[in-house]
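Peer 1: The primary structure of each chain is shown beneath.
2 protein chains.
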Amino acid sequence: MKPVASAIVALAVVGAYAAVVHAQTPADRSIKYRQGVMSAQGWHLGVLASMAKGDRPYDRDTAVRSATFLDQLVAMPWDGYGPNTESGSVNTRAKAEIWKDWAKFEKYGKEVKAETAKLVSAAGTDLNALKGAVGATGKQCNGCHDDFRTK
Amino acid sequence: MKPVASAIVALAVVGAYAAVVHAQTPADRSIKYRQGVMSAQGWHLGVLASMAKGDRPYDRDTAVRSATFLDQLVAMPWDGYGPNTESGSVNTRAKAEIWKDWAKFEKYGKEVKAETAKLVSAAGTDLNALKGAVGATGKQCNGCHDDFRTK
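Listed in order, the protein sequences are those of chains A and B.
Using the working numbering, you'd call the opening residue of the first sequence number 1 and step up by one each time.
Using the working numbering, you'd call the opening residue of the second sequence number 1 and step up by one each time.
Take these hints with a grain of salt, some might be off.
Identical copies go unnamed one by one, so any copy, or any two together, can satisfy a pair.
No farther apart than 25 Å at their CA atoms in a straight line, the calculated lysine to any residue pairs in the SDA-like style are these [stated by the list, open to error]: (1) K107 / T62; (2) K53 / T92; (3) K110 / V90; (4) K95 / K118; (5) K53 / A96; (6) K95 / V64; (7) K95 / W78; (8) K53 / P83; (9) K118 / R65; (10) K53 / D79; (11) K118 / G88; (12) K118 / N84; (13) K100 / R60; (14) K139 / T68; (15) K95 / L127; (16) K110 / D55; (17) K113 / D61; (18) K104 / T62; (19) K53 / Q24; (20) K107 / F148; (21) K104 / D126.
Honestly, the hints are just simulated from the structure, not real lab data.
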């Protein structure tokens, strides 16, 4: 296939994909997006917490990998909290306070990013460093969840 | 609070969080993890496809941001396809072929990472470059979905 024809076919393929995605409401898409990102964060924090608690052996490469993924993921949920995404036809535990006190929500976001940046470095140092940084990151996560997520 | 006491409290906090997560079966956790990551990929490919199709104006910063997130996300789903995660109590569209032909699945993974790396560069160039790279990435996504995901 010639390049141009190939590009047109490929775009049509993406278009078909996008059409399926757009069949959901914008609020539902946003809720699912942010939940997907948060769930992935939980996975990698879980890997690191397991090492910190001694449930699995400390492995530097695995720790750095999960810490790096977590650090990347904490930058991502924001797009999913746009206007009119407080509720949808899918369940959400996000509290309305997020949109009432966006500055505070955003402050938590900056703080957790600072913690995960330190976590990447600590994960590559040793188990003791990892323990401290996982604790600090987890505390930050929970602080935000306490204020902005229902139980 | 003294640093050590603070770290112990923080670890307890992470522990409580991990306990909730672990109430799910390993297979369900894996399925939810990979679905969350794939869903986030879809979001950012959607942002880029909208620009490529002219549904929203090309904006360099937004394009580079979504392409970067997508490039990071395509490295992440693998942990969710571990042994005995073919099915669970939550729905999954993953085909058993993934575990029967892991080498092919992994090859697709490397190929899509190569495409998203090009996409990051193209997203920062101009709309025409973005169009081509979005098409190539979307084609790569769909090739893998055709082989390894049920309709």
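Peer 1: Would you mind marking each hint as holding or not holding in the structure?
Peer 2: Comparing the hints with the structure gives:
1. K107 / T62: For K107 and T62, only the inter-copy Cα distance (21 Å) is at most 25 Å; the intra-copy one is 29 Å.
2. K53 / T92: Neither: 30 Å inside a chain and 31 Å across chains, both beyond 25 Å.
3. K110 / V90: neither (28 Å within a copy, 33 Å between copies)
4. K95 / K118: Classified as neither; 28 Å inside a copy, 38 Å across copies.
5. K53 / A96: neither (34 Å within a copy, 34 Å between copies)
6. K95 / V64: Neither, since 32 Å and 30 Å both go past 25 Å.
7. K95 / W78: This pair counts as within: shortest intra-copy Cα distance 15 Å, inter-copy 32 Å.
8. K53 / P83: Between copies, since 24 Å is at most 25 Å while 39 Å is not.
9. K118 / R65: Answer is both; intra-copy 14 Å and inter-copy 22 Å each pass.
10. K53 / D79: Between copies only: 20 Å across, 33 Å inside.
11. K118 / G88: Result: close neither inside a copy nor across copies, 36 Å intra and 35 Å inter.
12. K118 / N84: neither (34 Å within a copy, 34 Å between copies)
13. K100 / R60: neither (41 Å within a copy, 30 Å between copies)
14. K139 / T68: within (18 Å within a copy, 28 Å between copies)
15. K95 / L127: neither (35 Å within a copy, 38 Å between copies)
16. K110 / D55: neither (30 Å within a copy, 31 Å between copies)
17. K113 / D61: both (21 Å within a copy, 20 Å between copies)
18. K104 / T62: Classified as between: cross-chain Cα gap 24 Å, same-chain 33 Å, threshold 25 Å.
19. K53 / Q24: Intra 40 Å, inter 19 Å, cutoff 25 Å: inter-copy only.
20. K107 / F148: So K107 and F148 pass the 25 Å test inside one copy only (12 Å; across, 41 Å).
21. K104 / D126: Intra 33 Å, inter 36 Å, cutoff 25 Å: neither.
In terms of the numbered hints stated before, the structure departs from hints 2, 3, 4, 5, 6, 11, 12, 13, 15, 16 and 21, listed from lowest to highest.
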